[in-house]
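4 protein chains.
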Amino acid sequence: MTTTNKPVIIAVIGSRQPSKEDAEIAEEVGRLLARHEAILICGGLTGVMEAACRGARSVGGLTIGVLPGNDASTANPHVQIPIVTNIGYARNVIVVRSAKAIIAIGGGYGTLTEIAYALDTKVPVIGINTWSLARQGKPDTSIIMAKTARTAVQKALKLAEGK
Amino acid sequence: MTTTNKPVIIAVIGSRQPSKEDAEIAEEVGRLLARHEAILICGGLTGVMEAACRGARSVGGLTIGVLPGNDASTANPHVQIPIVTNIGYARNVIVVRSAKAIIAIGGGYGTLTEIAYALDTKVPVIGINTWSLARQGKPDTSIIMAKTARTAVQKALKLAEGK
Amino acid sequence: MTTTNKPVIIAVIGSRQPSKEDAEIAEEVGRLLARHEAILICGGLTGVMEAACRGARSVGGLTIGVLPGNDASTANPHVQIPIVTNIGYARNVIVVRSAKAIIAIGGGYGTLTEIAYALDTKVPVIGINTWSLARQGKPDTSIIMAKTARTAVQKALKLAEGK
Amino acid sequence: MTTTNKPVIIAVIGSRQPSKEDAEIAEEVGRLLARHEAILICGGLTGVMEAACRGARSVGGLTIGVLPGNDASTANPHVQIPIVTNIGYARNVIVVRSAKAIIAIGGGYGTLTEIAYALDTKVPVIGINTWSLARQGKPDTSIIMAKTARTAVQKALKLAEGK
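Chains as they are written, first to last, in our numbering: chain A, 213 to 375; chain X, 213 to 375; chain P, 213 to 375; chain B, 213 to 375.
Calculated directly from the structure, the hints in this document are not laboratory data.
Check the hints yourself; a few may be wrong.
Since copy identity is lost for identical chains, a pair holds within one copy or between any two.
Listed below are the simulated DSBU-like cross-link pairs for lysine-lysine, each with C-alpha atoms no more than 35 Å apart in a straight line [to be verified]:
{"id": "1", "residue 1": "K359", "residue 2": "K370"}
{"id": "2", "residue 1": "K312", "residue 2": "K334"}
{"id": "3", "residue 1": "K367", "residue 2": "K350"}
{"id": "4", "residue 1": "K359", "residue 2": "K232"}
Build out the structure end to end from the sequences listed, making use of the hints.
Here is the structure:
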């Protein structure tokens, strides 16, 4: 009885200093995930993480922030459930592994670690304005590119179902 | 607006192979926490963790399981939000640090690591049928002892408020 | 050929603010471990850790410091090999699991987490002036008590052999 | 006195299933690092890690393996100092942060996480036959490319000096 209808958890990852466009996309992604009753998990800090949480909370969604530091108060104000890890950037693994799919928006090297962890462990990655990869000169097409928040969320939810 | 009325998170820790009495206490603790609208966080596995989650879910509470392994399916069936850490028993730190207070029921050495992490970082610990400590022969009275689920939950919620 | 004669690794754990007596014992433990060609592993910081490293280095031993923070420069000056974890106190697990035996000297709650991790995973623990444990009123005698640095080192090396 | 002449620690990272060419390069890199009295740190397992350790040990170098699992016996036979983390792939952060420079040889997504962690925290990365990166269509040239073991080691040691 309690095992049915488990909520789907989707991660949103990206830079703490996003472009204005990426922040708007992140907020829209958060809103759409919440409207589809997905739980949003993220790194809990500012930038893309905060924008996505704000979007989700604006329509009553549930938000989880997996914090690198030692104090729940470092979470952005739109995180409902702060998970306090105190393991620094090793927490990136937890954000990725706790989700059924990842949406990466823009992003720096921290985001790249999360993309790589996800690809390494077969968690689907949807990317908007983010990294592209090549190995020994050959493009790696594992990141599923999307152009809008709507497409990214649709793809993420569909791929999450298959997990 | 989104920052008000954050839910209180309380951890329940204890053995994977509890006595029948400890399992019953854990289930009652879970139920009472949920009735007081606290979120239950635990290590997500069997024994005390499962009993507490079962209690909380039986009255509609929210349950988080911080798993040591690499797969959400290792969570007990009453965990609503599995946090997949894949960092093994180092995840004990996360269970403790994410809570405003800890209720320890029975327990082995793993539980003792969590009690020690909590005391080391000033997270209040309520204990039922659990460890007692002495340092260089002098008793350490930092664990607040309780005899019933009801008293333990009352003390935990009161101490959590002060944090 | 390279597999023979692996060095034995022994952990020394204890407080950052030891008593004068405990600091002297730690230094003597470090010296004796090095004389027996054991490698010393510790948390890499001050107090008992620094005293043990100083002792080991004074007779040319090898010292490893498993640091909680993000920077090798936080190691005490007698650490030859700083392992930079940036995972905070979760690094305690690594100190314990990398050793064949643990010598605990004095110590606070951090030390207690390490003792508990060791007992939980069957790494022998030798204790001097340290915690004593009771579970549900019954003494737990898993910590092997020693009174002098010499006895502690002898017991640790003997138990390490059996692993 | 004990603080002078600290050994330089260089990380070698790469796949567990390297091409024959990459394995030969890794072994040569290990040998050259040891000849320059650098300590080799790696993930401790097979493939590139084992080849590099074999090379280092063949000329008497010191090798450290930072293991993801729970048991020193999972290290390749050429690891002199196994660091047992039991934190899974989060241990990649430790390999990177403990080194003054990284040499990446070939590699999969796990290697990519290590490259990203290194770039994120300003640890120089030398790459041979490895990933290349672009962000939003623009090439990222942070990985310093090398074609031979000799050049890679020279660059790594030079960059390590500056740290």
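Against the structure, the hints come out as follows:
Taking the closest pair of Cα atoms, K359 and K370 come within 35 Å of each other only inside a single copy of the chain (16 Å); across copies the shortest separation is 42 Å, beyond that limit. Taking the shortest alpha-carbon separations for K312 and K334, both the intra-copy value of 10 Å and the inter-copy value of 31 Å come in at or below 35 Å. When the C-alpha separation of K367 and K350 is checked against a cutoff of 35 Å, the pair qualifies both within a copy, at 25 Å, and between copies, at 25 Å. Taking the closest pair of Cα atoms, K359 and K232 come within 35 Å of each other only inside a single copy of the chain (15 Å); across copies the shortest separation is 40 Å, beyond that limit.
Checked against the numbered hints above, the structure violates none of them.
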